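S.K.: So you can see what is in the structure, the chains are spelled out below.
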Amino acid sequence: MNIFKNLPLRQKKSIIGIIFISPFLFGFFMFFLAPIIQTVSFSVNELNISRLGLETNFVGLDHYNFAFSVHPVFIRTFFENLLYVLLDLPLILFFSFFAALMLNQKFKGRLIARAIFFLPVILASSAVIGMDSAQYATEILEQTSESVFLSGEFIQVFLMELQLPEDFIGYIIDGIERLPEVIRASGIQILIFLAGLQSVPDSYFEASRIEGATTWENFWLITFPLMTPVILINVIYTLIDLFLAQDNELVELIQDEAFVGAGYGVSSAMAVVYFIAVAFIILVVGGLLSRYVFYQE
Amino acid sequence: MLSHFADRIKDFNFDLLNRSIKSWIISILRLILITGISYLILFPLLSKISTAFMTRADLFDRTVFWIPKNFTLENFELAIIHMDYVESLLLTSTLALCVAFFQLASSTLVGYGFARYDFPFKKIFFALVLFTLIVPPNMVLVPYYMNFRFFNLYGLIPGDGLNLIGTYWPFILISLTGVGFRNGLFIFVMRQFFRGMPQNLEDAAYVDGAGYFQTFFRIMLPGAVPALVVVFLFSFVWQWNDVFFSRVFLGTVGEVDVLSIALRDLPEELDYWIEHSPYLSLIINAGTLLVIGPLVVVYAFMQRYFVESVERTGIVG
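First to last, the sequence lines map onto chains A and B. Sequential numbering of the first sequence, starting at 5, is according to the numbering used here. Sequential numbering of the second sequence, starting at 15, is according to the numbering used here.
What the hints contain is simulated information worked out from the structure, not anything from laboratory work. Treat the hints with care, as some may be off.
Stated by the list, open to error - Using 20 Å as the maximum straight-line C-alpha spacing, the simulated EDC-like pairs for lysine to aspartate or glutamate come out as follows:
1. A:LYS17 <-> B:ASP222
2. A:LYS9 <-> B:ASP222
3. B:LYS36 <-> A:ASP171
4. A:LYS17 <-> B:GLU216
Claimed, not checked - Over the 12 Å line for every Cβ pair with chain A, so calculated as not near, a few chain B residues:
5. ASP98
6. ASP132
7. VAL239
Predicted model only: the values in this text are computed from it and were never measured. Positions of the beta carbon are idealized from the N, C-alpha and C atoms, including for glycine.
Isolated chain B, as found in the complex (with noise of 0.2 Å):
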């Protein structure tokens, strides 16, 4: 009897020995696993910050690996001056913020007409939506252009047609009218969203006299904050990054370019001042650094709330 339950311990033992010594070699597999990754996703993040701040001496000298012996901040100096980068930052986060701004407003309020109301030719509009989704943007920016540079709205507008390549309107027009840069997808999103809030709340504002608008405005948006915040990101993000749009619709008017096109124009604008050389690499690392610098710092203080809201956001129904 005693022999049987002294058996019964040590198979207890085991088995529980047996568990820990697996979940040992399943966290020591995940940790060797996510640093792998996460060197491979943070290598050229960091090659380039190591490189920025080297001068050419750096460069070439072989006893030189990732720290650099003389630090410079002469590469940032030569980045800001070439980019214009003050100004063209100034301009990218106004125009960032516009087209996020409108892009959430537009979406939100047409995800919610698709998520709580029934008219008809509902599917097919839905349908249109998805189908803005799928068109190259090539097949939709030279005609952009040519009705932008002689907007007249097909003859509503009186006269020779306004020239609006070159300011802000294309962007803030067509986000405001939910037809931006993947502004199909922040309608889906905020669909889904608002399908997955409960009715009763929207009945209940009714029962106590609100109106569909005032319902809309002061209980379903307040709700909707998780949704709101992934859409404002993702569109702010997408348009800091977009070179297309950017270049057709602001034309080489201005003279101050957003950032991804000063940046995608940077080794031009350097080989014609200052001769042709491996260093220039080292200014286009550390302007790359300045162009994406902003956005880093935004994730870093956003990235919870961030992660937290799109796993909020009942994009997966």
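Chain A extracted, bound-state conformation (with noise of 0.2 Å):
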């Protein structure tokens, strides 16, 4: 104790900086590492459970060779997988900020429509939304209701008239069929989003006000640039939520081979290839938007 009095207060203060974040640095490397490099080791040898144990044999790169060229559908749930998260994440952060300004106004009822909007929060995850089999109850009830919130097809039609490009129209469409999942994806990026929006200072709105400003002119010249670091947030979050999910499709596939399927081998090359994609898109997508965030001070 004698010696730790006598450093110099910046020394003290990083050996307590590193005591209080020892916890994770235990955690890291004694619990999260060694399975990575486990599944790392596990995707280039060919396991063997033997009487004598674990048995393993090196066989480079065959693992990769099966997922890509003899697996049947592993490419396909990959390159649709990343195309269905890189199509919802717009949809989604659009819907989320629409509902967070939405929720942001003042209104009667306020209360009861954040609670409401928050709700998938807490059930999007869980089994409610994801139960097929129970499906069969509910689809006599959603037969009749369907029209009753926006069918595509007014959209659709409203669209054509505007002469749009047909792949925009297609995206538009398909977003809009889509719009219980996506909203159900949403809650959390809605409360974020609504945290950023509270943070903005009033006096800027009063100010502008003053000069004149169209509330048009506010949002893009006030709300949107002070949004752009909470866009990049909830771009992150987002890319994160929707590729890790447990019931993402690939997720499933990689987590069925390891049990069921070809070997836990190839699910290891698996799951290496896509944390190497997810983690590529992560970093791409991050560093692109960080450029384009706008930061006080």
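Reconstruct the complex from the two isolated chains, following the hints.
M.R.: And the structure:
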């Protein structure tokens, strides 16, 4: 203790800092890193469980080869998955930003509206949405209620009139049809956007009102630039959430392969490939967006 | 002169009228949108509630819509029996509370360390925190299983290794050391929050002679309650809904499954005991409600606090 007391303040502080983060360092190196290394090593080895214990034979890139060229659906699921995530991302962000703007206004019943909009935060990942086998009973109800809310057709006709490119129209229509899923995936993003909107000082709007700015100008010149850091956080959160969701098809496929399919080696190889792809996409998207982020100060 | 004045009044009134019409249209549009979206969110829940109380006859009765004619609790009774609901509820709540508490403890300490102290390799260590977030669960689950099945901390514990599968220990160990499910996110949230707290508070405490840890526990922690609530709730909810980690760590040793797994296995279980029929979906709906019921109750009480908390956590800088 005496030695500690005699250290210069800076060193003292860095020791205290290390003590504070030591649980994580311990966990990372003792529990987290080893499984990753093991997975990488399983992906290039053949595992045999014999009476003598675990035997490994080096097989090089065979498992990767199998995953890419032999496995019937891996490649397709892989690219479909990437495509879906990248297509869902703008939909979720656009919707959650819009919803947050709406919930940030003052109106009667705002508290109830907020409570309902955040409900997916606790239910989205849960079984309530994903139980296909329970659909039978609800299907009967769904048939009658489909037409109640925006059916795609009306919008489609409207967009056709505007003569927009067909791919774009298809994307929007697809988005509207999947609106329930988009809404359910947006709970936390709405929460984060709303928190961001609350942190914009009112004085900015007061000043701009005196200068005669319209609501539209206010949004693009004040709200939007101040929200860019929040958008970045939400983009990255959404990517992680979609890629690593427990009901993500590829995540499930990889998990199934380990126990009932092509074996643990192949499953590991798939997991490694998937991890690299996810990390790459998050870094690229995050890197690109961070150029456009506006920070105060 | 007078007519000029009258003109101005007319102009002014017109403007006012215009504005109030505009705000009327906006609030009506907002009402429609919010109602529509709320409907989409609540629909699956309401339809489950509606069908969970139906009898078989109601399911095929065309005149029954939303409100069952023959109100019954039989579906719930069957779901409770086949899911071992009472034991499972107890197991799930204990586990979720444990995990939430330990994740909260570790992420608070680690987040504070990153927010307030400078030490060598700080950036690299923080990058490691973010790194844990982007690793797909598949990549670690099976090695996790093997490491906890023969747990010897890489030789530090003598003997053949302990079998921790089927106990809470794997959950506790990875939560306590900040590498549990989404733990990196919680560390990030706590770090952001502590960074937003004024430095003067701590300086004042140091001047008054408080030590580093005393300052943390007595000054910083009480000020961090909003962030603590958010982290605890999210951690609790995610553990409650988790299937992946629970399936691997709890194994098939125990007689009772956690609720999320019991619900997943319910269709098979019912198929085995009762012949397959559309009627099963009524029981599954009842089971789903039983699983999410406690969460919804907690949420109903906490949601106001919860929303305010997120706003004050400063996640957004």
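S.K.: Run the structure past the numbered hints and jot down the numbers of the failing ones, going up.
M.R.: 3, 6
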